[in-house]
Amino acid sequence: MTAFLEMTNVSKVFSAGIIRRQHTVAVDDVTMTIDEQSPSILAVAGESGSGKTTLARLLLGVIPPSSGEVIYRGQSVDDLSREQRRTYLREIQPIFQDPFESYNPFYKVDHVLTVPAKKFQLSESKQETTRLIEEALDMVGLQPAETLGRFPHQLSGGQRQRVMVARAMLLRPRLIVADEPVSMVDASLRATILESIRRMKQELGISVVYITHDLTTAYQIADNILVMYKGSVVEAGSVEQVIRDPKHPYTQLLVSSIPQPDPSVPWGAEGEIAGDPESMEVAATGCKFVDRCPAAFEPCRGQRPLLYHEHPSRAAACFQYDKSPALEGQNLDVVFEAQLTSQAVGGSVEPKAN
Amino acid sequence: MTVNDLRVYYDTPAGTVKAVDGVSFDLRPGERLGLVGESGSGKSTMALALMRMHKPPARIAGGEVLLDGVGDVMKLDDDALRRIRLDRLALVPQGAMNSLNPVMRVRDQLADGIRTHEPGDDRDALAARIRAQLARVGLDADVGGKFPHELSGGMKQRVAIAIGTSLSPSVIIADEPTSALDVVVQRQVMETLRSVQEEIGASVLIVGHDMGLMAQIADRMGVMYAGKLVELAPVHDLFTNPQHPYTRLLIESVPTLMAKRALASIPGVPPTLINVPPGCPFHPRCPSAFEPCDSEVPLPTAQNGRVVSCHLYPEEAA
Ligand SMILES: Nc1ncnc2c1ncn2[C@@H]1O[C@H](COP(=O)(O)OP(=O)(O)OP(=O)(O)O)[C@@H](O)[C@H]1O
Ligand SMILES: Nc1ncnc2c1ncn2[C@@H]1O[C@H](COP(=O)(O)OP(=O)(O)OP(=O)(O)O)[C@@H](O)[C@H]1O
Ligand code: SF4
Ligand code: SF4
Ligand SMILES: [Mg+2]
Ligand SMILES: [Mg+2]
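For the record, the sequence lines run as chains A and B. Numbered according to numbering that gives the first Met the number 0, the first sequence spans residues 0 to 353. Numbered according to numbering that gives the first Met the number 0, the second sequence spans residues 0 to 317.
In case anyone wonders, no lab produced these hints; they're calculated from the structure. Certain hints may be false.
Computed from the model, here is a short list of chain A residues facing chain B with C-beta under 10 Å [to be verified]:
1) Glu46
2) Val111
3) Val114
4) His152
5) His212
6) Leu326
7) Glu327
Quick reminder that beta carbons are idealized off the backbone N, C-alpha and C, glycines included.
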C-alpha cells in the first residue's frame, strides 16, 4: 500500500548573505507519513522561525528539499508528470498565515474562489460553481452576499482569513495544510472554523496539518503534535501525551507560557528565559536547546540527541530520555500511529460532531 | 483620553458600513485597556480613527476624542495632528511587523520619527537615543543596522513598539501586537510593552483576540459587537462574571486544556454592518432575548464599576 504523502529525511537549508554566507537549517531531517486510510489532524508547533512554514511549503511542493524526499503516492514530488502534479496540487490545499498576502488587491475576493474552481474544473456549470462557492462560504460563517463582490481591503482581517479557508474546502482536497488559520479571528469564529476543519476530517476523511502557536486549540482538535525547535523535531506524539505531559524542556517552556484565560492564573513559570532566544546562535554540535535549557547536563554539548521513544505515543529528543530506544530512522510514524490505532478501537475521547 | 459617541462609517456602493457606531469610553492614565470582540466588529477601524489615520471610504460620522491638553483630536488640523502623532498618540498597527519599511535599516526608521518631532538633536545624541530605545525593548544595538527581513517576527514586533514609543507618547494603541508569535515570544513582547508603558507612564489600548493574553495583560476590558461597545469592565469581573450575553458566550467559547470537548461557538451568523439588525444587534443570536430586544436599541448603563448595553440591565437607581 503506497502512502498518500511521505517525507523521508527531509531537510531544507537556506543560504543568505553574499559576503559572509549564512546557512539556516530551516527543517532538519524530518521523516513521517501522512496516510489516507486513517485521516488525522497533526498540529505543528514551535517558536517563530523554527521551520513550521518551511515544513508546510515542503509538503505543498512550493520549495524542493535540500536533501531527502517528499513522496506523493509512491513517487517523488520532483518526478511527477504534468497530470500527476495537477492532481497533487489539488489534493493538497494550503491555508496561509497572512491572508492579505494571498490576495491580489486589484481583484475582488471572488477571484480567489472562482479561479481555482475553473482551474480544477470543479463543476459543469456556472450556477453549480456559484452554489459550491456559497456553500463553502457558509461553512466558515460568511454571508455570500456580503462577501462576494468586495475587494480584499474591504474585509476585516478575520473575514479575509475565512475566505481562504472556504477556498481550501471548495477543492475537496485529501490534505489541508493550514498555517495559523485562526490566529486573527475571535474565539467563537475560531471554534466555528476549527470545528469545520474537524468535520472535514471526520466526514470527508481529509487530513490536516495544523500549524499553530495556540497549543490549546491544538489540544482540542489535533490527534498528534510535532514540536519544532530551530528546524528539528524536539518532541512528537499524541496531544494527550505531549501537551498534557510534555517531556522535552522546550515543550515544557511552551506549555507553561500559555496565557490562561483567567486573570488570577499568573502567566508563565518563574525563572524567566534570559537574553533573546530568537537571535541565539545554534551550537554546531550538541543539543540545539542547550543554551536555554534549565536541565542541561554533560552529554548535551557533545552530540545531537536522537528522538527517544520513551512512551508508546511520544518521543522526545533529549538526553534525559536516552535510556529508551531511539526511533528507528527518526521516523515519527510509530508514535503517531499509536494514537490513531487507539482511536480506531475507541480508546480515546472522540469529540462529538455537531 | 475620552471617547464620546464615536461613529466611523464606510461609504460603499452597497450601502453605509457602520463599523463604529456610537462608542464611548475613557482610557484612564496608566491603564491597559483590552479591546476584544467579534471579527469585523470595528476594532481596527476604531483604533485607526482614534488617531485619525483611517482612510477613505471611512469617515468620521460623529463623536469626539478628547485628549488631555490637546482637545478634540477629531477637530485638529493636519499640522497639529502631525505634531501629536508619535508625540502624544502612538499606533502599533495590526500586522505591525509587516508595516516596517523593507528597504530601510531599523535605526533609520527610528531616527525618522524622532527627527521630525525633535529636529534639535545632533548625530551623537540621536544615535544614543536610538540605542537606548532599542535597549528599552530588549534589543541589541546592532539590530539598528539590520533590515526588517533579517529579523524574526518577535524582533520586528519589538522594533515596531520601539518606533511607536520613541517619543514617550501618553497613549499607545496596539492592534493585535502579537497575533503571529509563539507563546514564549508573545510573553516577552507583552512584557516589553508593559515595561515601556510603565516606564513612560502611558495608557495602552490593546486590541486582540487572544482571551488568554488579554486576561494576563489588561486592567479593564471592552467588548465590541457590531460596531458597538457592549460591555466594559475590570478584567477580573469580566472573566468571572460577564454580564452581557455576548460576552458570556464569547468567554464560553474559549477552549481550555482542562477537558477535551467539541469547541463551542456562538450559534447564528455574525451580522453585517450594512444591515445591522434593529434593536439590539445581538438579538437574533441571543439566548436571553426578550420583548424589547428586537425593536429598542439598548443604551449603555452603569452597573457597579462596569458599563453594559443590554436590556437585561436597566439603569440602576443611583
Ligand atoms: N526564503 C528564505 N530565505 C532564507 N531564509 C529563510 C527563507 N524562508 C525561511 N527562512 C528562514 O528559515 C527559518 C524558518 O522559517 P519559517 O518561516 O519556516 O519559520 P516558522 O516556524 O514558520 O516561523 P513563524 O512562527 O514566525 O511563522 C527562519 O530562520 C527563517 O529566517
Ligand atoms: N475599506 C473598507 N470599505 C468597506 N468596508 C470596510 C472597509 N474596511 C473595513 N470594512 C468593514 O468594516 C467592518 C469593521 O472592520 P475592522 O477591520 O475594523 O474590524 P475588526 O474588528 O478589526 O476585525 P478583525 O478582528 O477581523 O481584525 C468590517 O465589517 C469590514 O468588512
Ligand atoms: S538534551 Fe540536554 S540541553 Fe537538550 S533539552 Fe535535553 S537536557 Fe536540555
Ligand atoms: S438587549 Fe436583549 S438581545 Fe441584546 S444582549 Fe441583551 S438580552 Fe440579548
Ligand atoms: Mg510561519
Ligand atoms: Mg482588526
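Where does the structure disagree with the numbered hints, that is, which hint numbers, in rising order?
2, 3, 6, 7
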